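Novice: Single-letter residue listing:
There are 2 protein chains.
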Amino acid sequence: MLKRNPSIANLSSGYLFPEIAKRRSAYAKAHPDAKIISLGIGNTTEPLTPHIVDGLTAAVHNLGTPEGYSGYGDEAGLTALREKIAHVLYNNLIRSDEVFVSDGAKCDIGRLQYLFGPRVNVVVQDPAYPVYVDGSVMIGAAGKSGATGYRGITYLPCTASNGFFPDVSRIKKNSLVYFCSPNNPTGAVATRPQLEQLVRQAQKTGSVIIFDSAYSAFIRDPQLPKSIYEIDGARTCAIEVNSFSKPIGFTGVRLGWTIVPSELTFADGTPVIRDWSRLTTTIFNGASNIAQYGGLASLDETGLAETRLLTDYYLENASIIRKTLLSGPFSPAGVEVYGGDNAPYVWARFPGKKSWDVFDFFLDSCHVVCTPGAGFGPAGESFIRFSSFGHREQVLEACNRLSQVHLS
Amino acid sequence: MLKRNPSIANLSSGYLFPEIAKRRSAYAKAHPDAKIISLGIGNTTEPLTPHIVDGLTAAVHNLGTPEGYSGYGDEAGLTALREKIAHVLYNNLIRSDEVFVSDGAKCDIGRLQYLFGPRVNVVVQDPAYPVYVDGSVMIGAAGKSGATGYRGITYLPCTASNGFFPDVSRIKKNSLVYFCSPNNPTGAVATRPQLEQLVRQAQKTGSVIIFDSAYSAFIRDPQLPKSIYEIDGARTCAIEVNSFSKPIGFTGVRLGWTIVPSELTFADGTPVIRDWSRLTTTIFNGASNIAQYGGLASLDETGLAETRLLTDYYLENASIIRKTLLSGPFSPAGVEVYGGDNAPYVWARFPGKKSWDVFDFFLDSCHVVCTPGAGFGPAGESFIRFSSFGHREQVLEACNRLSQVHLS
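Protein chains in written order, with the numbering used here: chain A, 23 to 430; chain B, 23 to 430.
Among these hints, one or two may not hold up.
It does not matter which identical chain is used: a pair holds within one copy or between any two.
Pairs of lysine to any residue residues, derived as SDA-like cross-links and limited to a Cα-Cα distance of at most 20 Å, are as follows [as the list claims (entries may be wrong)]: (1) Lys166 x Pro140; (2) Lys376 x Pro354; (3) Lys25 x Gly93; (4) Lys25 x Asn143; (5) Lys195 x Arg300; (6) Lys166 x Arg141; (7) Lys25 x Gln225; (8) Lys226 x Asp334; (9) Lys51 x His428; (10) Lys25 x Pro140; (11) Lys51 x Thr303; (12) Lys376 x Asn84; (13) Lys57 x Asn32; (14) Lys25 x Glu323; (15) Lys25 x Gln223; (16) Lys166 x Arg300; (17) Lys106 x Pro28; (18) Lys44 x Tyr94; (19) Lys166 x Ser183; (20) Lys25 x Asn196.
Think of the hints as simulated: they come from the structure by calculation, not from any bench. Since we're looking at a predicted model, the values are computed, not measured.
Turn these sequences into a full structure, and let the hints guide you.
Specialist: Dropping the structure here:
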């Protein structure tokens, strides 16, 4: 019989969100009358906007005509979409042939792990989006899990005391550094001087940054960088991953992109973009062409205006959640609240409590599902992530319930 | 600087189809007046059928309404689609929770390679669809390329003398066996007794078969099995990969599926389905929901009737190509013709000639692009694959030109 892949066997437990779903449905089964509201998973709830629906509909219609039909496209995406991403979202800081359209950031992160293979020193922020760690373990770039996380992974704590920006001097030679800003789960957005520090350290150590900017559309402060390429030198040390999921509600439609600058090379001089192109043409076949026409619609004037309104809606939810956690029973109990202003996540610390205990407490006491911070890494312990992705009336109702809990 | 992933560095050359595209566009540039027709890549050309367009349109419309919107779905796909695949396409030989909907067979093969990891003995048919080999090299399950193919890969020749069904007794203990039927590129379809041989050998050796049935919708002979699960015992030794790409023209829309039976286990008893589920929830996020509703429409009565007409159309093209190669200048020159009756590919042998020479000859002499058999593996040398995916008038024109060439 074939042996189990030892790298996959190294994964210690289930992926965070399925685990939450399991606890939620067990609770629902035991309490069939409970009206559970989720502020847990970052799952969009508002309908696609009209102009994007029009773009998708036109694409479907065209595929049904002899003139408009197309089969396989370029694995890297429609030329028009690549150009529009480079122009509209990056102001031409990168070239359109450095844009690789994909079926989403999570999938691209998996393919990037495949690209770099098992022999890399993985560095993550702690807490971090689970895919950086879990995917690294699965590809064999990390070992078994221990008391302080997976062997072979360097965790850089992001805490209130460092403003959720880690000590980048701990990044050692030849590392693969996952960095997410606006951050999931902390909601922190790295400033320009902070990203300059990060890029300098990557240059100094010959490291590559995987910059996850999937939430950049939520940045409202014009001083905050939306892309790593706003930082001088990033083109020689950073890959950027981004997504249409949250800005335009494409979580289920599936569309994202990755930027691989042509200057980025491996130690032997091979351009990373060459191997990336080879890999994506071999084990990937491009994002759905329908989804791509939707993405294209989102980047013209009408689409951009709709996107702004949609992201504003979720940011207003975040603001409501923030206010709730800053008052009522929370503030007197010493609960600390972060994020939620330039990011759709609010990150709250419950001093002296375990994350999963707080999770169970909210589920039981007010039927609100949140995400336990410990699920994002050791430094997430005692924290809870609240997602702003929800219908307004549901968010208001959840906040109303939260404001009436009795914190022990 | 980060080192290049040695497994990816082991890949000897470009992926076959980009290489063909390169030669084609170089020729077009040098001969701007040439009206090139492609019978090369297996890329669908006919528009989506009306009922499927309706299914896709309704899905887009619903996503634009508060009641119909959905975000992330189950990574394994819509329950309704999984049930319909199990019921309509497998007659319940497999269960719906063993169906994993994906963005296509090629992408799933990449993820299966990720699942099994580098420590497997890879066995492929020779010739074979390049992704089995290239993906195995990239994940580190094969070494450098030599005179007889990549080190660590067992190539099982499929030639006219064995009816394009390999000597399966050469499958050794604990192998991962890629098997494609209807075959790309040879167009051969394995019979029931042949698949029984294959399954028995897999059982005997503790091997796992990755059964690629992406072209099963083209089988017209009712005696030929469309799924490996029609063979007793396959549930303990086979994973099946399939696709909506060719049957309903979804090459660009992206939709496929993989079956992982619950009885299939690793040596330590871990169900393969458990690791597959963990992997796909971690580095994949499901196929586009829009595409899934299109797939759903294709599996009701109207959709199935449309699919039949569409696949008949391509099979008629295959028949036209077959007839051309069996007559004119070809038959007297000893050209042998295979496939094309229960598969959309015609596989022709040009005795004494090199595949790429024949490719260049057709491109130059009649501006027809085909696929050099040697690109599919050592045993494909001297062969040419003709794809039946094309507009009828183009296929007729290409065949008209082909019938007038002067074979040396």
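Novice: When no copy is specified for Lys51 and His428, does a C-alpha distance of 20 Å or less occur within a copy, between copies, both, or neither?
Specialist: Cα proximity of Lys51 and His428: none, with 24 Å in one copy and 75 Å across.
Novice: Can you give me the call for Lys57 and Asn32, within, between, both or neither, at a CA distance of at most 20 Å?
Specialist: Close neither inside one copy (37 Å) nor across copies (56 Å); limit 20 Å.
Novice: Cα distance capped at 20 Å. Does Lys25 pair with Asn196 within a copy, between copies, both, or neither?
Specialist: Answer is between: at 8 Å across copies they meet the 20 Å cutoff, but 31 Å inside does not.
Novice: Could you place Lys106 and Pro28 in one of the four classes (within, between, both, neither) given a Cα distance threshold of 20 Å?
Specialist: For Lys106 and Pro28, the Cα distance exceeds 20 Å both inside one copy (42 Å) and across copies (35 Å).
Novice: At most 20 Å between C-alpha atoms: does Lys25 with Pro140 qualify within a copy, between copies, both, or neither?
Specialist: Both ways: Lys25 and Pro140 sit 19 Å apart in one copy and 11 Å across, limit 20 Å.
Novice: Please sort Lys376 with Asn84 into within, between, both or neither, judging by C-alpha distance up to 20 Å.
Specialist: neither (54 Å within a copy, 41 Å between copies)
Novice: 20 Å Cα cut-off: does Lys166 pair with Arg300 within a copy, between copies, both or neither?
Specialist: between (31 Å within a copy, 16 Å between copies)
Novice: With identical chains, the pair Lys226 and Asp334 could be close in the same copy or across copies; at 20 Å between alpha carbons, which is it: within, between, both, or neither?
Specialist: neither (39 Å within a copy, 61 Å between copies)
Novice: For Lys166 and Pro140, with the copy left unspecified, which applies at a CA distance of at most 20 Å: within, between, both, or neither?
Specialist: both (14 Å within a copy, 18 Å between copies)
Novice: With 20 Å as the alpha-carbon cut-off, assign the pair Lys25 and Asn143 to within, between, both or neither.
Specialist: between (26 Å within a copy, 11 Å between copies)
Novice: Checking an output row: Lys166 and Arg141, CA cutoff 20 Å. Within, between, both or neither?
Specialist: Intra 15 Å, inter 18 Å, cutoff 20 Å: intra and inter.
Novice: Have a look at Lys25 and Gln225 and pick one of within, between, both or neither, based on CA distance no larger than 20 Å.
Specialist: Between. Shortest inter-copy distance 15 Å satisfies the 20 Å Cα cut-off; intra-copy 40 Å does not.
Checked against the numbered hints given earlier, the structure breaks hints 3, 5, 8, 9, 11, 12, 13, 14, 17, 19 and satisfies all the rest.
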